[in-house]
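Note that this note's numbering has the sequence shown beginning at 1, numbered continuously upward.
Accuracy of the hints is not assured; some may be wrong.
In silico DSS-like links for lysine-lysine, alpha-carbon gap of 30 Å or less [as the list claims (entries may be wrong)]: (1) Lys-16 / Lys-97; (2) Lys-13 / Lys-209; (3) Lys-46 / Lys-209; (4) Lys-16 / Lys-143; (5) Lys-4 / Lys-143; (6) Lys-97 / Lys-48; (7) Lys-94 / Lys-46; (8) Lys-209 / Lys-94; (9) Lys-67 / Lys-143; (10) Lys-48 / Lys-209; (11) Lys-13 / Lys-48; (12) Lys-4 / Lys-67; (13) Lys-97 / Lys-209; (14) Lys-46 / Lys-4; (15) Lys-97 / Lys-46; (16) Lys-67 / Lys-46; (17) Lys-13 / Lys-46; (18) Lys-209 / Lys-16; (19) Lys-209 / Lys-67; (20) Lys-67 / Lys-97; (21) Lys-48 / Lys-67; (22) Lys-4 / Lys-16.
Hints listed in this document are in silico derivations from the structure and should not be mistaken for laboratory results. Given the structure is predicted, the values throughout are model-derived calculations rather than measurements.
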Amino acid sequence: MIEKTNGALERLKAIKAMALDMDGTTYPGDRLLGGASELFDLRASKGKPCVFLTNNSSRSRREYEEKLNRLGLRVGPGSVMTSGEATIRLLQRKYPKARVFLVATPSCGAEVRQAGIEVWALEAAAFADVAVLAYDTGLTFQKLAALCTLVRSSVPFIATHPDINCPVDGGFLPDVGAFLACIRASTGRSPDLIVGKPSTLMVEALCEKLGLPASQIAYIGDRLYTDVAMARASGMLSVLVLSGETRIEDLESSEIQPDLVATGLDEIAQAIATYP
1 MIEKTNGALE
11 RLKAIKAMAL
21 DMDGTTYPGD
31 RLLGGASELF
41 DLRASKGKPC
51 VFLTNNSSRS
61 RREYEEKLNR
71 LGLRVGPGSV
81 MTSGEATIRL
91 LQRKYPKARV
101 FLVATPSCGA
111 EVRQAGIEVW
121 ALEAAAFADV
131 AVLAYDTGLT
141 FQKLAALCTL
151 VRSSVPFIAT
161 HPDINCPVDG
171 GFLPDVGAFL
181 ACIRASTGRS
191 PDLIVGKPST
201 LMVEALCEKL
211 GLPASQIAYI
221 GDRLYTDVAM
231 ARASGMLSVL
241 VLSGETRIED
251 LESSEIQPDL
261 VATGLDEIAQ
271 AIATYP
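Go ahead and model the full structure; you've got the sequences and the hints to work with.
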């Protein structure tokens, strides 16, 4: 591993929890990247948490946990945090009694309701207290129009994450950031809060989930402008892996620099194998 910040390797030894980006870091599509199983099992054997983070709010935590298990990781409940869960935690903390109009997939909507949040139907959207946009892969004109009408009324407006495109096999699909551009063009408003990476609101939710300060968590990801930027801004130990989007030449020309650089999760697993 390359140490970009003095003392970063020593700090890695003392880290109490690890959080890993999913697509591009843990897996591309439907196969685990090298070292993912070894790193997860190593952390589990030491009784230290390893949590997986994703901005994609179209699926529930349980669905992501099922995917990781299918791919070969023996993860249990609570091993995944989505931007949807982080948004739930924000709503519970900031708007505990609010009536929410939520544009989301059925699985994301069910997770929000299960958390005790009052979600209003499309027909009653105009009377909601808060507008929330998640990654709704079944977005309709009726939902979009109702959301724009509510956003124009100046209620708090929250988006789960800022990603413009969602990578899929064969290309990209429009993501929440693309929907926001449409809403902004129609209403003149941007969200009051965007929860997912690179926002530190995602880290606040993670720290709450783990019961740890950011300084005791290492975040491992493959993107400089989301993963590393969020980790550095929040005080987590930032570890960049070169298994996904970022190439070494991108790193050399970037103002955003991680604490550590690894070729992949396998190199991290090897580096910490002898740590307590």
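Taking the hints in turn, this is what the structure says about them:
| no. | hint | verdict |
| --- | --- | --- |
| 1 | Lys-16 / Lys-97 | 34 Å, violated |
| 2 | Lys-13 / Lys-209 | 22 Å, holds |
| 3 | Lys-46 / Lys-209 | 19 Å, holds |
| 4 | Lys-16 / Lys-143 | 43 Å, violated |
| 5 | Lys-4 / Lys-143 | 46 Å, violated |
| 6 | Lys-97 / Lys-48 | 35 Å, violated |
| 7 | Lys-94 / Lys-46 | 35 Å, violated |
| 8 | Lys-209 / Lys-94 | 16 Å, holds |
| 9 | Lys-67 / Lys-143 | 29 Å, holds |
| 10 | Lys-48 / Lys-209 | 14 Å, holds |
| 11 | Lys-13 / Lys-48 | 12 Å, holds |
| 12 | Lys-4 / Lys-67 | 33 Å, violated |
| 13 | Lys-97 / Lys-209 | 21 Å, holds |
| 14 | Lys-46 / Lys-4 | 26 Å, holds |
| 15 | Lys-97 / Lys-46 | 40 Å, violated |
| 16 | Lys-67 / Lys-46 | 24 Å, holds |
| 17 | Lys-13 / Lys-46 | 12 Å, holds |
| 18 | Lys-209 / Lys-16 | 14 Å, holds |
| 19 | Lys-209 / Lys-67 | 21 Å, holds |
| 20 | Lys-67 / Lys-97 | 33 Å, violated |
| 21 | Lys-48 / Lys-67 | 22 Å, holds |
| 22 | Lys-4 / Lys-16 | 21 Å, holds |
The structure is inconsistent with the numbered hints 1, 4, 5, 6, 7, 12, 15, 20, although it conforms to all the rest.
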